[in-house]
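Number of protein chains: 2
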Amino acid sequence: MVTRSADRSAELRSPAQIPLRPRVAHSSAVTRTGRIPISDPTPAVPGGFAAKAFAGEVVPFRVVAFREGHDRIGVHVRLTSPMGVESLHRMTALADGTDRWQADIALDAQGTWQYCFEAFADDFATWAHAASVKIAAGVDVEVMSAIGGELLTRAAAETSRPARERAQLKKLAAVLTGGDAGAALAVAGDPVLASVFAEQPLFSLSSVSAEQSLTVERTRAGVGAWYEFFPRSEGAKKLRDGTVKSGTFRSAVKSLARVAELGFDVLYLPPIHPIGHAHRKGPNNTLDTAPTDPGSPWAIGAASGGHDAVHPDLGTLADFRFFVREARKAGIEVALDLALQASPDHPWVTSHPEWFTTLPDGTIAYAENPPKKYQDIYPLNFDDDPTGLGAEVLRIVRHWIAQGVKIFRVDNPHTKPLQFWEWLIAEVTAGEPDAVFLAEAFTRPAPLRALAAAGFQQSYTYFTWRNTKPELEEFLTGLATETADYLRPNLFVNTPDILTEYLQYGGRGAYRIRAAIAATAAPLYGVYAGYELFENVARPGSEENIDNEKYEYKFRDFAAAEIAGDSLAPYLRRLNDIRASHPALRQLRNLSVHWSDDDSVLVYSKHLDGAFTADGTSDTIIVVANVDPHSVRETTVHLDTTIWGIAPGDPYEVEDLITGAVWTWSDHNYVRLDAFSEPVHVLHVTSRA
Amino acid sequence: MVTRSADRSAELRSPAQIPLRPRVAHSSAVTRTGRIPISDPTPAVPGGFAAKAFAGEVVPFRVVAFREGHDRIGVHVRLTSPMGVESLHRMTALADGTDRWQADIALDAQGTWQYCFEAFADDFATWAHAASVKIAAGVDVEVMSAIGGELLTRAAAETSRPARERAQLKKLAAVLTGGDAGAALAVAGDPVLASVFAEQPLFSLSSVSAEQSLTVERTRAGVGAWYEFFPRSEGAKKLRDGTVKSGTFRSAVKSLARVAELGFDVLYLPPIHPIGHAHRKGPNNTLDTAPTDPGSPWAIGAASGGHDAVHPDLGTLADFRFFVREARKAGIEVALDLALQASPDHPWVTSHPEWFTTLPDGTIAYAENPPKKYQDIYPLNFDDDPTGLGAEVLRIVRHWIAQGVKIFRVDNPHTKPLQFWEWLIAEVTAGEPDAVFLAEAFTRPAPLRALAAAGFQQSYTYFTWRNTKPELEEFLTGLATETADYLRPNLFVNTPDILTEYLQYGGRGAYRIRAAIAATAAPLYGVYAGYELFENVARPGSEENIDNEKYEYKFRDFAAAEIAGDSLAPYLRRLNDIRASHPALRQLRNLSVHWSDDDSVLVYSKHLDGAFTADGTSDTIIVVANVDPHSVRETTVHLDTTIWGIAPGDPYEVEDLITGAVWTWSDHNYVRLDAFSEPVHVLHVTSRA
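Residue numbers (the working numbering), protein chains in the order written: chain Y, 31 to 719; chain D, 31 to 719.
A hint or two may mislead.
Since the list gives no way to pick one copy over another, a pair counts as held whenever it fits inside one copy or between any two copies.
Claimed, not checked - Calculated lysine to any residue pairs in the SDA-like style (CA-CA distance at most 20 Å, straight line):
| # | residue 1 | residue 2 |
| --- | --- | --- |
| 1 | Lys403 | Thr110 |
| 2 | Lys284 | Thr445 |
| 3 | Lys164 | His698 |
| 4 | Lys275 | Thr322 |
| 5 | Lys200 | Gly508 |
| 6 | Lys403 | Val171 |
Since the hints were derived computationally from the structure, they do not count as laboratory data.
Pulled out of the complex, with its shape left as it was, chain Y reads as follows:
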C-alpha cells in the first residue's frame, strides 16, 4: 500500500503511511457535526453501495474538512484492510479554497476495506504559523515563546513518541522558555520539527467520520485488453457442397496464438450453447432460414441442452475446458456470455414454464418491442418464481466457474431486474472473489450507472458514440472522475452489434484513432474480430455489419491481410505493447484533458507518480489525437505540465511510442497529425529537466 499526498510541490509530498495511533471516539452524541466538521467523503457510490477499486489501483481519498477561524487542522484517512490491519495516512489540503483534503493510496489486498477520516486541530502548525509571523515582527515574543514551550512540553510527555524524540522536544521546549527571540523563531521555522509533527501531530480537538466500505477486486477486474471472436468461425471451413463445417473449440485453439501475439489478455466468446431451431434467424437477421444456417448464438437452448451445455458443433464440455486451459497457457483468460433468455427449444420451456410469461391463449410470450417481434427469443419472467430462477442462474454461473471461467459478459442486463443482479453478483463473488461481470447495458445513463453501482465489475459505455473532441473530453473526464468509484468502463471499439458511422465512413484513419484512444484512455478496452481488417460495410440503414457474424460463419485471412499491408494488427500490437510497458495506462482515474487550439485535436495525459511504479520513476503518457479522420491538422497544444511535476516552461523529452520520433517539448507545442498516416501521438515523457 502506497500513499502520495495530493499536493504537487515536492516539499509537501507526504511521507506516505504514518505511525498508527489508537482511534479517537466521535465526541458528539448530540450533534451530527463533529468538533471539526467532516463532509463529502469519497470514494462514495450513489445509493450507499461499497466503492470499488482493483488491486494496484491508485485511489484518491478525498474529504471536506475545516474548522472555525484561522487555526490549522490536519486530516488523516484511516484504512482497515480485509485482514483487519489498520493504517493511517496523512492527507494534503487542496489549495483551491474548497477545504478538500486528498491522499492518493494504492490498495493491494483483494477484499473489503473500511475507511474513515479523522480531522484534528493541528496545535503545532497553528502555533508555528502565528509564532513565525509575530516573533519576526517583534510582537508578543515572550507570550508566543511560552505557548510554544507549553506545546513542546506536552508533546514530550506523549509516551507514544520515541524516547530520543521526546528528549529533543524537551530540549527545544527549554529553548523556548529561555525567551530568546531568535532561538524561538528558529524553533517555529524548524523543518525537522515540522516533519516530526507532520508524522505524529500534536492535537487537542478531533472528529472522526463514519466508516465506509471499499471493495478491492482483482487487477483483471479493472485492467485488460479484450478480444472477441465467435469460436464457430475460427477454423470454419467451406465445404464443396457449399455448406460450412463449423469451427470448434479444438480448431479455435489455433487462433489463440494470434490473439495472444496481438497482446490481448481476455478473450470473450459469444454464447457457446446449443442454438434453437424454432424461428431461427437467417443471414442479416432474416426469417427465411436455410437448414444449414447456424443461427444466432443468443437464441439459447435446443434439445441438446440449455445454458449449461455447449453447442455440439463446437465440441464437448471437455473440449471447452481444453480451450480454456490452452488459452490460459497463452496468457489469455476466457470470458463467456451470460444471456438470460431462451429459444423456444430451450429445456426450461417445458421443465419450468413458470420462468416465462404465459399469455391468456396458453402460448409463451416472445420478445418484442411493438410492433417488432423476436419470435426466436423467449424473455424470462423474474417475478413468478424469483427464488427458483435465481437458484438456476446461480447454478449455471457456478457450473461455468467450475469449467475454469471467471469472467462473464452479461447480455442486456438492463432488461432484467436490477435487484436480481445485485443478488446474483453478491452470491457469486462470495464464493469466487475473482468473478468479473461486464454489463452490456446500452441504455439510459441512470440504469447504466445503477448496474455498475449494484455490483457489475465492468460496463460497456457510450464510447462508440463519442467521437468529436468536445464529446470525448467530457466523456473521458467523466469516466476518470465522476463515476470512477463504481463504474469501470470497458472501451470496446466495435461489437457485432455496433459499427458506427464514424467507422463506416472514416476510413482506416478512423480505425487507428478509435483504437489508440480506447487503448490509452482507460485501463480496459476491447476489440471485436474484424476490426483489424477495417471491416466497415454496414447493413444499409443500420449501425451494424452487413452479413453479421451473429447469423453466419465468417472466414477471415488475418495473415494475408497483414502481409498485404491491409491490417491494423501491427498497430493494435503496438498499442498493447505500450499498455503493457506503461503502468500509467493501467490506471483509470489519472486522466487529465489538456487544451489544444484545434477543434478536432484532442489532448489528454495519463500520469502515475513514481511512488506507485515498480521502478520508482514517474510514468507520463501524453496522447494527442486528431479525431477528424478526413483531415491533416496542425495546431498548438497547451499542457498543464505541473500535473506531472514539471514546472511551467521547463523543457522535457518525449518519444512517440508509435513512430519512435523524439522531440523536446515544453508547455506549448506544435503538432501536425495526418489522419491518413499517423493520426495520433502516444508520447512518453522520457526525461525531465
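With chain Y's structure known, arrange chain D on it following the hints.
Then chain D, alone, in the frame of chain Y:
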C-alpha cells in the same frame, strides 16, 4: 397543500393529490435495490440534515426511478405532515432521458414533514401502450384484448375503488373479452379510463424509498425585505458643543414609518448592547479615540452589562420592547445581532474567564489575524467550558425572544464551532419554532454551506461580489437549484462592511441595477441605510464606507434627498410593491436564466403556476437587466416561454412594472436598456394568447 406535475403540457398536468393508499412494505430484505430501483431522492441536504422549506414554498420533489425493459412505471411521493396526516402525490416523468420524476408541492404546515417515494409497475399503462400499437396493427388482437380483460377484471375487484367505477371497469372488461378489435382499441385509448388509473393505478410490483425529513419553517424564514439601521443614528442630534446626542429606541421609533413606507418588513439592528471602553475604536477604525466617540457596537459589554443588556444611550429594556411593539404595528419585525464576542469590559471577563483564552502571561487573548490586532475584542473560547458557555448563549437568545425578538443576524458564525450552532439553533427552535437565524458567513463555500445545512435559516452570500452577467447567471442558478434545499440566500446589496467597487464606481445606475436584481432574484433581500442616498465613497483602498457608521453617528436627511430627486427611495418602494403583489417573486426555486445576445444583458424569469397562486392565475415575471452601469445596451433576448406555459412563437403582453410601459412580446424580443435612466426591465406577463 398543492401539487403540480412537472410536465408543462396541459393534458399531463396532474390532478394534484390522489386517493391515499396504505403503505407498501419495502419488499427486499436481501438487496439494497428494490424491485423498481429508486435513487437520488431530493430534497436532500449534504451530511444527512433535514431539508428546508418555508410555509408556502413550492418544493420540487424529484427522484430517479426506472425498471428493466420497456414496461411502464409510475411514481408517487408520500408525504406525512407534522400532524401525522399522510397524502399521496403522483409524479411526472421528466421526458429528458434521465429517468427522473418530479412533483411540485407547496407545503403549508410548519414543522417536520416526512416523505418517501413509491415506484410501481403501471400495469394498465403498459398494456394500453402495447395494445394501442398492436391492435391497431392487427397483431395479437385476441391475446391483447384478453390480457386487457384480465387487468380490468382485477381492477374491478379492488374494493378501494368506488362502486360505480368498479361496475364500469367490469363492463369494459366484458367489452375486451368480447373480442372486437375496434372496441378493444377504444378501451386502450380511452382517456377517462387512463385518468381513472392515473388516479388509482393498478400495479403488481412496487418499491418504497427510505423516509426523509423536511422542516417547514414560517414564511418569514424564507421571504422578507430587510432594512438595516443603527438605532443610535436615528434621531441623533449634533449639539452646540460639537458632541452628539445619541439616537434612542424612542427616537428611532420615528424612523419606523419611513422604513415601513419603503416596503421593508424586517428591520435589523446592529448590536444594541453596552459598548466597551478599553481600546475603543475611533472614526475610521482608528486607535486615537475621543471620549465622545461612541465606539463599535460589536465591541460588546461594559460595566452596564453584556449581551443581555441594552446600551444606556439607547434607553431601557422597556424602551426596546416599546420599539419592537411599535415596529410590529408598522408591519415590521425587528431582528437583532448575535455577535458572540466581548469587549475587555464585558462582565463575562471577570465572571467567566474560562470562556476566554488566557495566555501564559495571564492576559486574555484578544482577536488577531497576525500581525493585525483587534485589542477591543476578546473572542470566546468554546472548548474549555462548552456546556456553561452554551447555556449562557441559550439564555441570552431566550432573553431576547422574551422581549419579542425572533430573528437573529449572527455575526461571523464561521469563527465559532459549527457544532455549537447546530446545537444552539436546534435548542432554540425546539422552544420557539418561529426563530430565524441569519448567518453572516463571508467565508469559503464549504463552511458557508455547512452552516446553512446545520440549521441557519438564512445566509448572506457572495451576491455583492457577483456583478457581471456570467457571474450572476451561474450564481443565481446555483441558489435556485443546487443549494435551495438547505440554503436560503438573503441578498443584501450593501452592509456597513461592504461597499463594493461596483457601487463605488458604478454611479446611480449601479444602485438601481443591484437593487432590482436583489429584490427580484430571491425572496429575501436586504438594504443597509444610506444605500438609497447613493453613499458611494469608500475609505481609500477598502471596500467599505468612509466614516463608517460602525464608529460614529450618521446624520441622513432622507426626506430632503427625495425632494431633491437624489434618492433611490422611490425605486426601492416600487420594487417592494412589486414583490408584495407578485407571488412568483416570493419563491426561491422558480428562477430560470434565459439567453440574450449581449454580454452584459442578464435575463431571468420567475414563474409560479396558477395551481399555487391565490387567484389561480399564473404569475410570470421577466427581469432583463443591463449589468454594465456605464452603457446603453440594445440587444435581442431569447426566451424559453414554454417554462411559463406559452408555446414557442406565441405572442403575449408584458407590462414593465417599473415604468408602466406595455409591449407585445414573443420568444425573441428587442430590448434597449439605458444604465443612466432605466437599466432594468421588470416585466409582468399580463395576458397570454
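How the hints compare with the structure:
1. In this assembly of identical chains, the alpha carbons of Lys403 and Thr110 never lie at most 20 Å apart, being 53 Å within a copy and 45 Å across copies at closest.
2. Taking the shortest alpha-carbon separations for Lys284 and Thr445, neither the intra-copy value of 36 Å nor the inter-copy value of 72 Å comes in at or below 20 Å.
3. With identical chains, the CA atoms of Lys164 and His698 are never at most 20 Å apart, being 43 Å at best within one copy and 61 Å at best between copies.
4. Proximity of Lys275 and Thr322 under a CA criterion of 20 Å is satisfied intra-copy only: 10 Å inside one chain copy versus 109 Å between copies.
5. For the homomeric pair Lys200 and Gly508, neither the shortest alpha-carbon distance inside one copy (52 Å) nor that between copies (53 Å) is at most 20 Å.
6. Taking CA atoms no more than 20 Å apart as the test, Lys403 paired with Val171 passes between copies only; the shortest distance there is 15 Å, against 87 Å inside one copy.
When the structure is compared with the earlier hints, violations turn up for hints 1, 2, 3, 5 and for no others.
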